[in-house]
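**Q** Fit chains R, G and C to the given chain B structure using the hints.
The residues making up each chain are set out below.
Number of protein chains: 4
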Amino acid sequence: MCGVFGAFSPKMEPVLEDVYLGLFALQHRGQESAGVSWIENGIARSIKGMGLVHNAIPQGIASSITAHAAIGHVRYSTCGDSILQNAQPLTINYAKGAVAIAHNGNITNSDGIMKYLENRGAIFQSTSDTEVILHLMAHQSHKMPLDALMDALRRIKGAFSLVVLLKDKLIAARDPWGFRPLVMGRRGETIYFASETCALDIVGAQLIRDIEPGEVVVVDQSGGLSSLRIQTKPSKGFLCSFEFVYFARPDSVIDGISVYQARKNLGRFLAKRCPAKAHLVAGMPDSGTVAALGYSEESGSPFEMAIVRNRYVGRTFIQPTQRVREAGVRVKLNPNRLAIQGKEIVIVDDSIVRGTTASRVVSLIRSSGASKVHLRIASPPVRFPCYYGIDTPSSEELAAARFDLDELSRQIGADSLGYIDVKDLVQAIGFPEERLCTACFDGRYMEDDVNGIDL
Amino acid sequence: MCGVFGAFSPKMEPVLEDVYLGLFALQHRGQESAGVSWIENGIARSIKGMGLVHNAIPQGIASSITAHAAIGHVRYSTCGDSILQNAQPLTINYAKGAVAIAHNGNITNSDGIMKYLENRGAIFQSTSDTEVILHLMAHQSHKMPLDALMDALRRIKGAFSLVVLLKDKLIAARDPWGFRPLVMGRRGETIYFASETCALDIVGAQLIRDIEPGEVVVVDQSGGLSSLRIQTKPSKGFLCSFEFVYFARPDSVIDGISVYQARKNLGRFLAKRCPAKAHLVAGMPDSGTVAALGYSEESGSPFEMAIVRNRYVGRTFIQPTQRVREAGVRVKLNPNRLAIQGKEIVIVDDSIVRGTTASRVVSLIRSSGASKVHLRIASPPVRFPCYYGIDTPSSEELAAARFDLDELSRQIGADSLGYIDVKDLVQAIGFPEERLCTACFDGRYMEDDVNGIDL
Amino acid sequence: MCGVFGAFSPKMEPVLEDVYLGLFALQHRGQESAGVSWIENGIARSIKGMGLVHNAIPQGIASSITAHAAIGHVRYSTCGDSILQNAQPLTINYAKGAVAIAHNGNITNSDGIMKYLENRGAIFQSTSDTEVILHLMAHQSHKMPLDALMDALRRIKGAFSLVVLLKDKLIAARDPWGFRPLVMGRRGETIYFASETCALDIVGAQLIRDIEPGEVVVVDQSGGLSSLRIQTKPSKGFLCSFEFVYFARPDSVIDGISVYQARKNLGRFLAKRCPAKAHLVAGMPDSGTVAALGYSEESGSPFEMAIVRNRYVGRTFIQPTQRVREAGVRVKLNPNRLAIQGKEIVIVDDSIVRGTTASRVVSLIRSSGASKVHLRIASPPVRFPCYYGIDTPSSEELAAARFDLDELSRQIGADSLGYIDVKDLVQAIGFPEERLCTACFDGRYMEDDVNGIDL
Amino acid sequence: MCGVFGAFSPKMEPVLEDVYLGLFALQHRGQESAGVSWIENGIARSIKGMGLVHNAIPQGIASSITAHAAIGHVRYSTCGDSILQNAQPLTINYAKGAVAIAHNGNITNSDGIMKYLENRGAIFQSTSDTEVILHLMAHQSHKMPLDALMDALRRIKGAFSLVVLLKDKLIAARDPWGFRPLVMGRRGETIYFASETCALDIVGAQLIRDIEPGEVVVVDQSGGLSSLRIQTKPSKGFLCSFEFVYFARPDSVIDGISVYQARKNLGRFLAKRCPAKAHLVAGMPDSGTVAALGYSEESGSPFEMAIVRNRYVGRTFIQPTQRVREAGVRVKLNPNRLAIQGKEIVIVDDSIVRGTTASRVVSLIRSSGASKVHLRIASPPVRFPCYYGIDTPSSEELAAARFDLDELSRQIGADSLGYIDVKDLVQAIGFPEERLCTACFDGRYMEDDVNGIDL
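Protein chains in written order, with the UniProt record's numbering: chain B, 1 to 455; chain R, 1 to 455; chain G, 1 to 455; chain C, 1 to 455.
Hints are supplied without guarantee of correctness; some may be wrong.
[Said to hold, decoys possible] Listed next, the in silico DSS-like pairs over lysine-lysine satisfying Cα-Cα at most 25 Å (straight line):
(1) G:K277 - B:K143
(2) C:K343 - R:K169
(3) B:K115 - G:K167
(4) C:K143 - R:K115
(5) G:K143 - B:K115
(6) R:K277 - R:K343
(7) G:K169 - B:K115
(8) B:K167 - B:K143
(9) C:K277 - C:K343
(10) G:K277 - G:K343
(11) G:K115 - B:K167
(12) C:K343 - R:K115
(13) C:K167 - R:K115
(14) C:K115 - R:K167
(15) R:K167 - R:K143
(16) B:K169 - B:K277
(17) C:K143 - C:K167
(18) G:K115 - B:K115
(19) R:K143 - C:K115
Read the hints as simulated data drawn from the structure, not as lab findings. If you're wondering where the values come from, they're calculated on a predicted model, not measured in any experiment.
So here's chain B without its partners, still in its complex pose:
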């Protein structure tokens, strides 16, 4: 999971600062590194760094540069080392000029392409799958850059939402299955692309629409928008349902659906599917809060902030010394003892991956005096790994793949454990089932050979 942002203005403007703000709003999609790129006198330039946006990109420098267009990226490492070299956007200056690219997703046939190109003289600088797109372009150096890009996009398989900067164009592209969200907005004459609508809000832009699966939108110097197609639209979409469950910010809207509303609905469906007589309902901060509100409304049990999150924890790395291990989750979360003592309590979380945190929190709640702890999960059991850009472990480490419901409940130490099923999930989100990817829940992956022409 990553976040991308692009801005294009017919005037020379501090668009890098728009990107800075946009990335700031997309910070939840990646905290490992951040960067912004633009083109100056035909040369692609970048400011990139490790960590959060305000650490990685000096705002003062970003605001002092004017350009027609810029793109940005926040990275959540899905594979590879956590090093600056892998920070995006990636930039090159090749035979046909400058290109900058920022990518959210996972290219599934990158290894093969890499080998193919290396045998033709390519020298790869990173292990990032994004770099293959640039090399595919460079190996079509006789074509115009946009044509070379279209050609490259037709050769790659997997998930991608991209923004690409050429000397005179800003391009947004989304894979034919629409795995990852990508929206387009406008403020005055400036066009914006972003992973989520919350990033349009922060720059004061109005949402125009979502980029369609398989669509490539091009903005050029004339200010005009044109739309191209990567290929014939496939029969089924694969919009990642986990965006609604966990990734996206609750104030974002994906394909017309409010993430907040979807998450509350997930809580309501959960309350119907797995009711529990309880004195109070609490959310696991912050991921389960919205669903907990839905659960509370549907069940009638009052919502309480029974667990308090240390809001300064952020990205702090704490070494697991003896004392820190003793402190355990208390470093980040602390129960409201007086609100819990002697109470029967429902804890709502968005999902269980390895189950480690869940079991620690249940134990903490119990030791704070709760008489019963019912754990409720506002999504189906995660039983399958994701190949499209999410950093899930293999099945052997997925708690719900290893244990049945009763055993898992015992492992976690809860008095009861409840999930919704995939049907609930789809209904709660409010999309036709054939448009959502639910592979991590039911193992129904996209068929690999749908996309990708042979090299």
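**A** Structure of chains R, G and C alone, referenced to chain B:
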């Protein structure tokens, strides 16, 4: 406002790490600087730095040092420059050995003492009022350190909750009015002192009790606790009511009162005192959330997270460039447009100081399509400055001191504005009125001459 | 001008530290950046940084890594930006594995090769001419790396002394004209390559011999040395005479000639060619000191350290503020007033490029009370730019190209000015004239088309 | 050993930059830390840092500040930790205003004064003996600052050359024995004080005269100079003879004697006292070079640069790993093998302290093929520790105190070893014997009770 923490163990232990964790839990009380001090071979040593605890104190170093005792401090600058020299704990090695001190509060007669001591040869290193305590001790170099400290505490006026480290003792002291909280806990044989109970929780300590106003608790090498008195107890207490309104973490308990419960009660009283017919109730994140839950419960209007806070903002400094000014509060807060549109909405906040944020948020909510915005404040109007450790502006800048309720509502742009009164505040917290300081609301300050013997 | 170093041991050893020490001894050949590369599990790795060796390469890290082989580089920027991206060694991992390269010299046909390769899909990361060698190799991905390297070396024109690291080989190569020095040494079973013998001395290695012009020496895992030829040896050599005049360290030996001895001879020839009746002879520190000793011996006038160099100046950058401009060369050099007053003095320097320093020093000496100042230069006038790796300005800026001897003497403010001629230079060094490059003195450049096969 | 510098102008000027340049010229007197202080609006301010001047003091900041006066210090740690807290100048703001002080020397009764003041309430911030002067002033807070300073100077014993900055005055003071040099210069209306004349040269100032032993020179706002006396002049002076032997820069002039000339004379006396038939004379770089020139002139054997110093070594710290130990002195020094082979050689050094370097260099020279190595020392044997500001080891570690001449020669591995005697030293320098301190050679220390009134 600041936070203090102290730990004392009969064994040599990594107590610095306990302090590190304790400060981590007290981070909300000060983000300007942090530090930890201990005594090694009779010499006072410190690790201090600017910014958050994990930036200021290298955890690896803290965890590699063992000692019997250590104290720590997080600083929220109330006056003076924001420089490392002012970071606490302060340490000295004087004629009678090493002393380290960490202070939460404000000494009101420090200027006079400073001048008195300078004329007797003292050289002050900082402008911090805390340093006068150390110089008062050094100028009684014929007395034993504890006696010199008691003497110094009897000469200073104002608010203080202190932890002091001597070669063989850890001392906690609270001024006779009990302005700032200070608690004592225990885990095994280790004794802890902390500004709030949440810092005891993180190290797994059990609360013993609050330090009483005017009490000085001494832990010595034998592990024994003894209690001294600064002076005869005054007739009235002055525990800061703003600790319940805003400062303290909701999971803390002050003098037996749950901050979370008090804050919910403030919301309930607010709903009774200033009802509003509304489709939904929302809290200003994060300061108004708990009171909003109370308001929602009392009023029956559903609680919604209508405003989403960017949880990565933290202590980020953002330069107010043109773009950032346009973005305004959106940098930190974003309305859930689909949840708000066409709705009549109650926004609950903890207090209004200058009124700038309130007016920006009201305008943002309105522009997101709310039909009506009712602003409700879960405390009385702040009309008077604080002299006891809180960084409030002078009356001329306090919105509620400048305007009456109607005018203030207009200035902020709300459809209605409501506050509770001081009586509500006292009842909601659940303390006898004569134990709370409500000076910032009603101007009833402590009489200055109650404390302080002449030099 | 740059410095290169390579080490190969049949055992896994801390060879990076040998490289560290070797670069330390070669520091005078480049102070802009430094780096070391090695191959670990088939992957090329590097530690590089700006500035001096001990700033650029953390010694602790270098000494903690063991490997069979490593190469290193100190860079003196001859063109391009002064940025880390241009620091060497350059490393790639291409279709046939890992390659690291360190280069001293200047490739004169790199622009054409770059364009050729870009049109075939190459993406260049730097503007360094060294990178073309790597791309030439990658574009022969069907060949074994050593063959691809030999092919690449046959396609490039200009000056190069290279060390190249492959997975199982260390290679040293010198262009067919032998522009830049390159020597081979041995300590135990470890083979070393270095730009100068002083770098062999520091690691305790014995000089085996100089790499011959056009020779490629390969060390492989078996420990065996083999020698290849880039092409038929050309009729004339072009060993840079400026290495003897200025670049090389006086304790180095190039092709059997002691640099110190050559430099003293230059001073002796200078005393014969341009005698001066003087009370004392002084060298411009530190570049003219050795020649001044020779001048003193030949002329009989005593040698004095009349100008003292601040030995802490090093690479210090001093901003040219008003005060600093007033201080002028005094920031680095200060005359020994009492040794100079009333004396007739000969100042010996190695060369005059722009003439700025010479004129400032002459004026400083005069203002310190010298009665006469005779400037003597221990090389012929520099009248032509260098295209083979030295950062000389164009002819318009070369003082000796702009003015005749008398006019130049006046411009500099000396009472007399004297040079040796090219014949003296060749004799003083002691090499056959047809083996030395004297192009910067007499404009007799290598004919461009001698090397380089068509692409 | 340390260096001090002060500048006073009747106009507001960038005097901090003068100090910056002055310290730059005094860098050889201390490389541990550097600092500059000035007074702004009655407050003493400082910029200090570890390491060399250009690392410790950002030149850009120094040149952007204007003031009437400033003082500076370079520190060579003689005792105490190497920490920023001990960097000078020291500054305070006490009852009578601001004071800044920079000190070269060693106060021998500081422990007693410290204890005395602590018992009267003083809190010391550092373990530096310089701080006692400030506390002595503060404890006379009823007196005007200059009077309090004079009083303080009369109470301290030992060696000091000081510059002191008050709100409206710059003061230079030298102890009654004149241990350390201190000079006064002028450029236009600006008055300068410096440890050595080379620092006057760099700012273009003319030497006025040396500050006399026991003299206190005061410059005030009127621009006028006045001279005060610490006490009646003692019968004997103690100017440190090691300043001529080693410390001072050869281009400096102390009390009318050229350091360069003195050092050459030491070499000449050495040649007379301990002749040696040799093919060549070489100096140990850089400390023995000037004396070697004198030896060569007197003996007739030619001077050669037989040992080359890596001029980039500077203050580089190199970890003593296995490889570095093997490299030994070669890291810094490398013999000119071709100049040495088969030759009988005289090596001249300024002094032998522990003897470690001497023995390493002799062995290195021998292994480079010298047939004989005669070591000649241009000062008498160092047999006694220094208590006045030089960092010499105790007698047990002084090579010349442990062994007689023959044994020492054997230990070092030289074919012969020769020293001058104290009489030679005094004559070579050219001062009356009763004005020089030769205690480290002959143990004739100052009698302790000459100075210092009782507290």
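**Q** Are the hints correct? Go through all of them and say.
**A** Do the hints match the structure? See the list:
Annotation: proposed proximity of G:K277 to B:K143 is violated, straight-line Cα distance about 74 Å (limit 25 Å). Only pairs whose Cα atoms come within 25 Å are accepted, and C:K343 paired with R:K169 is rejected, the gap being roughly 72 Å. About 19 Å separates the Cα atoms of B:K115 and G:K167, which keeps this hinted pair within 25 Å; it holds. Distance check on the hinted pair: C:K143 and R:K115 sit about 16 Å apart at the alpha-carbon level, within 25 Å; holds.
Taking the CA atoms of G:K143 and B:K115, the gap is near 16 Å; set against the 25 Å cutoff, the hint holds. Taken as a hint, the R:K277 and R:K343 pair is honoured in the structure, with Cα atoms around 11 Å apart against an allowance of 25 Å. For the proposed pair G:K169 and B:K115, the alpha carbon gap of about 24 Å is at most 25 Å, so the pair holds. For a cut-off of 25 Å, the pair hint linking B:K167 to B:K143 stands: about 15 Å separates their Cα positions.
For the proposed pair C:K277 and C:K343, the alpha carbon gap of about 11 Å is at most 25 Å, so the pair holds. Between G:K277 and G:K343, the direct Cα distance comes to roughly 11 Å. Compliance with the 25 Å bound is thereby established for this hinted pair. With a C-alpha separation of about 19 Å, the suggested pair G:K115 and B:K167 falls inside the 25 Å cut-off, and the hint holds. With a C-alpha separation of about 75 Å, the suggested pair C:K343 and R:K115 falls outside the 25 Å cut-off, and the hint is violated.
For the suggested pair C:K167 and R:K115, the alpha carbons sit about 19 Å apart, so the restraint of at most 25 Å is met. The suggested pairing of C:K115 with R:K167 holds, with an alpha-carbon distance near 19 Å, which does not exceed 25 Å. Between R:K167 and R:K143, the direct Cα distance comes to roughly 15 Å. Compliance with the 25 Å bound is thereby established for this hinted pair. The straight-line distance between the Cα atoms of B:K169 and B:K277 is roughly 58 Å, outside the 25 Å bound, and the hint therefore fails.
For the hint pairing C:K143 with C:K167, the CA-to-CA distance comes to about 15 Å; that is within 25 Å, so the pair holds. Restraint check for G:K115 and B:K115: satisfied, since their Cα atoms lie roughly 24 Å apart, inside the 25 Å limit. For the hint linking R:K143 to C:K115, the alpha-carbon distance of about 16 Å falls within 25 Å, and the restraint holds.
Comparing the model with each earlier hint shows violations of hints 1, 2, 12, 16; every other hint is respected.
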